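Chain by chain, the residues run as shown.
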Amino acid sequence: MAKLDLSKAKYAKLKKFIDENQGETCGLMPVLHQAQEIFGCIPIEVQKFISEELNVSVAEIYGVVTFYSRFSTEPVGEYVIGVCLGTACYVKGAQKIIDDIGSKLNIKPEQTTKDGKFTLTATRCIGACGLAPVITINDDVYGRLTPDQIPEILSKYTDELEGE
Amino acid sequence: MKVKIKIDGIEYEVPSHYTVLDACKEAKIDIPTLCFLKGLNETGACRMCVVEVDGARSLQASCVLKVRDGMKIKTNSKRVQQSRVTTLELLLANHNKDCLKCNRNGKCELQDLAERFHIKNIYFDSFEKRTPLYDDTSFSIVRDQSKCILCGRCITACEKTAGMSILTYIHRGFEAVVGTGFNYKLEDAGCLYCGQCINVCPVGALKEKTHIERVWDAINDSTKHVVVQTAPAVRASIGEEFGLEIGTRCTGKMVSAIRRLGVDKVFDTNFGADLTIMEEGYELLNRLKNGGELPLLTSCSPGWIRLVEQYYPEFIPNLSTCKSPQQMFGAVIKSYYAEKMNIDPKDIFVVSVMPCSSKKYEMNREEMERDGIKDVDAVLTTREIGNMIREVGIQFTDLEDEDFDHPLGEYTGAGVIFGATGGVMEAALRTVADILENKDLDEFEYEAVRGVEGIKEAEVEIGGKKLNIAVAHGGENAKKLMDLVKNSKKQYHFIEIMGCDGGCVNGGGQPYVKANVRNTGIDVRKLRANALYEEDTIKQVRKSHQNESVQRLYKEFLEKPNSHKSHELLHTHYTKRELFPIK
Ligand code: SF4
Ligand code: SF4
Ligand code: SF4
Ligand code: FES
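Chains as they are written, first to last, in my numbering: chain W, 1 to 164; chain G, 1001 to 1583.
Think of the hints as simulated: they come from the structure by calculation, not from any bench. Being a predicted model, the structure only gives us computed values, none of them experimental. Among the hints, a few may not be true.
Now the in silico label distances, taken between C-beta atoms and shown as ranges [to be verified]:
{"hint": "1", "chain 1": "G", "residue 1": "1391", "chain 2": "W", "residue 2": "30", "range": "51 to 57 Å"}
{"hint": "2", "chain 1": "W", "residue 1": "158", "chain 2": "G", "residue 2": "1171", "range": "31 to 37 Å"}
{"hint": "3", "chain 1": "W", "residue 1": "33", "chain 2": "G", "residue 2": "1391", "range": "52 to 58 Å"}
{"hint": "4", "chain 1": "G", "residue 1": "1370", "chain 2": "W", "residue 2": "106", "range": "52 to 58 Å"}
{"hint": "5", "chain 1": "G", "residue 1": "1451", "chain 2": "W", "residue 2": "124", "range": "54 to 60 Å"}
SDA-like mimics (lysine to any residue), calculated; alpha carbons at most 20 Å apart, straight line [what the hints assert, rightly or not]:
{"hint": "6", "chain 1": "G", "residue 1": "1160", "chain 2": "W", "residue 2": "56"}
{"hint": "7", "chain 1": "W", "residue 1": "156", "chain 2": "W", "residue 2": "141"}
{"hint": "8", "chain 1": "G", "residue 1": "1120", "chain 2": "G", "residue 2": "1081"}
{"hint": "9", "chain 1": "W", "residue 1": "48", "chain 2": "G", "residue 2": "1580"}
{"hint": "10", "chain 1": "W", "residue 1": "48", "chain 2": "G", "residue 2": "1183"}
{"hint": "11", "chain 1": "G", "residue 1": "1346", "chain 2": "G", "residue 2": "1367"}
{"hint": "12", "chain 1": "W", "residue 1": "10", "chain 2": "G", "residue 2": "1582"}
{"hint": "13", "chain 1": "G", "residue 1": "1160", "chain 2": "W", "residue 2": "64"}
{"hint": "14", "chain 1": "G", "residue 1": "1097", "chain 2": "G", "residue 2": "1025"}
{"hint": "15", "chain 1": "G", "residue 1": "1486", "chain 2": "G", "residue 2": "1458"}
{"hint": "16", "chain 1": "W", "residue 1": "48", "chain 2": "G", "residue 2": "1185"}
{"hint": "17", "chain 1": "G", "residue 1": "1374", "chain 2": "G", "residue 2": "1338"}
{"hint": "18", "chain 1": "G", "residue 1": "1583", "chain 2": "W", "residue 2": "49"}
{"hint": "19", "chain 1": "G", "residue 1": "1480", "chain 2": "W", "residue 2": "10"}
{"hint": "20", "chain 1": "G", "residue 1": "1526", "chain 2": "G", "residue 2": "1040"}
{"hint": "21", "chain 1": "G", "residue 1": "1486", "chain 2": "W", "residue 2": "117"}
{"hint": "22", "chain 1": "G", "residue 1": "1185", "chain 2": "W", "residue 2": "43"}
{"hint": "23", "chain 1": "W", "residue 1": "48", "chain 2": "G", "residue 2": "1313"}
{"hint": "24", "chain 1": "G", "residue 1": "1479", "chain 2": "W", "residue 2": "53"}
{"hint": "25", "chain 1": "G", "residue 1": "1025", "chain 2": "G", "residue 2": "1518"}
{"hint": "26", "chain 1": "G", "residue 1": "1185", "chain 2": "W", "residue 2": "56"}
{"hint": "27", "chain 1": "W", "residue 1": "48", "chain 2": "G", "residue 2": "1518"}
{"hint": "28", "chain 1": "G", "residue 1": "1583", "chain 2": "W", "residue 2": "45"}
{"hint": "29", "chain 1": "W", "residue 1": "92", "chain 2": "W", "residue 2": "13"}
{"hint": "30", "chain 1": "W", "residue 1": "117", "chain 2": "W", "residue 2": "102"}
{"hint": "31", "chain 1": "W", "residue 1": "48", "chain 2": "G", "residue 2": "1578"}
{"hint": "32", "chain 1": "G", "residue 1": "1479", "chain 2": "W", "residue 2": "56"}
{"hint": "33", "chain 1": "G", "residue 1": "1576", "chain 2": "W", "residue 2": "52"}
{"hint": "34", "chain 1": "W", "residue 1": "48", "chain 2": "G", "residue 2": "1576"}
{"hint": "35", "chain 1": "G", "residue 1": "1583", "chain 2": "W", "residue 2": "4"}
{"hint": "36", "chain 1": "W", "residue 1": "48", "chain 2": "G", "residue 2": "1368"}
{"hint": "37", "chain 1": "G", "residue 1": "1480", "chain 2": "W", "residue 2": "45"}
{"hint": "38", "chain 1": "G", "residue 1": "1576", "chain 2": "W", "residue 2": "43"}
{"hint": "39", "chain 1": "G", "residue 1": "1576", "chain 2": "G", "residue 2": "1368"}
{"hint": "40", "chain 1": "W", "residue 1": "114", "chain 2": "G", "residue 2": "1583"}
Where a beta carbon is used, it is the ideal one built from N, C-alpha and C, also for glycine.
Chain W with its partners taken away, still in its complex shape (with noise of 0.2 Å):
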């Protein structure tokens, strides 16, 4: 599980955000975009939180933030792994891919590394299937990749933050 700060300071964020927006009907939708940026995502202390500020049932928030792909109920890595599992990838042997990330991380797909990291993704076709097998990694796309570069990929990152 990637760091998730739900400190006071955060709920004091939010808490201005809806209270300066109240008079113009503070809507849920940008209370939730506020909460998304806050936080990072909207675990269910935040959405118990704005359940009761704007006095809508948790169910309701619940169902927003599910529908719409921008929200998120739990907190992401810093990096997001995307591992391409469309028809011609899957070919190629992304499976075979994921798997070694997943075991390189010590992660799952679709969870996130303790340090909070990376989260590792399977995605659907995302369009490259000439670069077949391919991930991405936030905005980064790698393409046409064997298992053994997968070390040195992630690496960048890593050595990347510690640097910093």
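With chain W's structure known, arrange chain G with the ligands on it following the hints.
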């Protein structure tokens, strides 16, 4: 104002506020609907009701389309017919079609449509690929997503009637399901177990947790003494299970039928209701006299209790400490009655027949037992007792009327009206007024608290005291009233609240009323309540404190209302409950 329209080539004049669906009904055409519930769920979601309208390119959902002057509508074109069938086929493709073992078999709105449209092919079968949730973790309600057709009726009922919004659409597109926030169990998701969602579900996706089997087991166990109690609201609705008109009072037939199931005694929860009035009436008098917490809030409805415990815990001290009639009755059976009959309480099996799904939860609350013996052992809904009677082939409508057994089958008119909103209040006032005035008053009908208006308020003068009273029913109205009580300066003295809209007559365990019947505009709550008020007027004794069996119970066993013994057996306490506890 009227408008002229043409339906299938024939001209009609209809009021301008009509929908096309209304207009077709008037033209004697029954347009198929599925998601539509008049006045409740008008979302146009399922597209079962489509018609062709001249000038519109796509087919239109008639349930939400208003008529316009000059409108030309086709309801029987090939295109319309095909669209309906396709809609149905798509629904069925995603449906767990195990009708033969489904609790809605024979009472299912989806089956009705499949039959009406002679569905022959089910082209798509994507159902197998999903892993729908089957949640039977609660004491009251079972959710089977494999049967859900996403009509949204439960979502709206929970939002608008129960006022809770516990259920919602989760995810989107092919992944969409109806569920709770974060998929929490109902127990932790703020649910009242009122079952209003069950009552509107067209299919078998929501149902009560059945106790039928354990009741048959007890009946067939010769060491068990099986005692049945029937709640007031059941007599007003059980006839519907056997095709009788809504609002037909069937007290005598109900008793005959249940007796024929092979139980040892058939008693009436109304006895418990009369007892509740004694305990609660004196509790009110004590609070008034000794400056206790006011307003006193009634505590008969477990749905309402859950509402307080979860949403208004600050009002817990206001709740009457009285157990509900069902629980009081159970406690009396397993103490007083056991002693009198010389039966070990362990060998007594108490079955409640209730209009309610929340009662199944209530009987399982940990306060509702003594020395490990539960007050009540099984709760059957009106639907379940209907099933049992049908199963063994008892010809309900041909039965002679029979009386309840004595002594705990004796009840007053005041007990009967418990089943309708305002009834507990009226019953309590009848008794409290007599006590304060110290005479048998002739005027004891309190019209102001009757009827289905959401919130009823009145000032009554009894024994020289002015009391502000209020009555609400259904979670949504209950919340409104509690917010009012919180924010107004007015001192309320006594408030009756029932978890279900209309009171127990419209409880979550009552017979299904299909949408096509509901949508005719009948008020099921009123029709069933009338049956109860009718029984009240024909009872010789109409005040709880005049119930001779109750008087005897005090003399022989409890001593007096709110005595030490009453408190031990008939009173309880409440606990604040957290919503969505974080694990
Ligand atoms: S919900 Fe209706 S159609 Fe579906 S399995 Fe049950 S009876 Fe059959
Ligand atoms: S039982 Fe009542 S509160 Fe619970 S989901 Fe159903 S309608 Fe809502
Ligand atoms: S559970 Fe029943 S009422 Fe609710 S959406 Fe599904 S089918 Fe409709
Ligand atoms: S859209 Fe009209 S009944 Fe569903």
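Hint by hint, here is what the structure shows:
no. : hint                       : verdict
1   : G/1391 x W/30: 51 to 57 Å  : 56 Å, holds
2   : W/158 x G/1171: 31 to 37 Å : 34 Å, holds
3   : W/33 x G/1391: 52 to 58 Å  : 55 Å, holds
4   : G/1370 x W/106: 52 to 58 Å : 54 Å, holds
5   : G/1451 x W/124: 54 to 60 Å : 57 Å, holds
6   : G/1160 x W/56              : 13 Å, holds
7   : W/156 x W/141              : 13 Å, holds
8   : G/1120 x G/1081            : 14 Å, holds
9   : W/48 x G/1580              : 8 Å, holds
10  : W/48 x G/1183              : 14 Å, holds
11  : G/1346 x G/1367            : 17 Å, holds
12  : W/10 x G/1582              : 19 Å, holds
13  : G/1160 x W/64              : 19 Å, holds
14  : G/1097 x G/1025            : 30 Å, violated
15  : G/1486 x G/1458            : 18 Å, holds
16  : W/48 x G/1185              : 16 Å, holds
17  : G/1374 x G/1338            : 14 Å, holds
18  : G/1583 x W/49              : 16 Å, holds
19  : G/1480 x W/10              : 32 Å, violated
20  : G/1526 x G/1040            : 17 Å, holds
21  : G/1486 x W/117             : 49 Å, violated
22  : G/1185 x W/43              : 17 Å, holds
23  : W/48 x G/1313              : 17 Å, holds
24  : G/1479 x W/53              : 17 Å, holds
25  : G/1025 x G/1518            : 14 Å, holds
26  : G/1185 x W/56              : 19 Å, holds
27  : W/48 x G/1518              : 36 Å, violated
28  : G/1583 x W/45              : 11 Å, holds
29  : W/92 x W/13                : 47 Å, violated
30  : W/117 x W/102              : 13 Å, holds
31  : W/48 x G/1578              : 11 Å, holds
32  : G/1479 x W/56              : 14 Å, holds
33  : G/1576 x W/52              : 17 Å, holds
34  : W/48 x G/1576              : 17 Å, holds
35  : G/1583 x W/4               : 15 Å, holds
36  : W/48 x G/1368              : 31 Å, violated
37  : G/1480 x W/45              : 27 Å, violated
38  : G/1576 x W/43              : 24 Å, violated
39  : G/1576 x G/1368            : 17 Å, holds
40  : W/114 x G/1583             : 19 Å, holds
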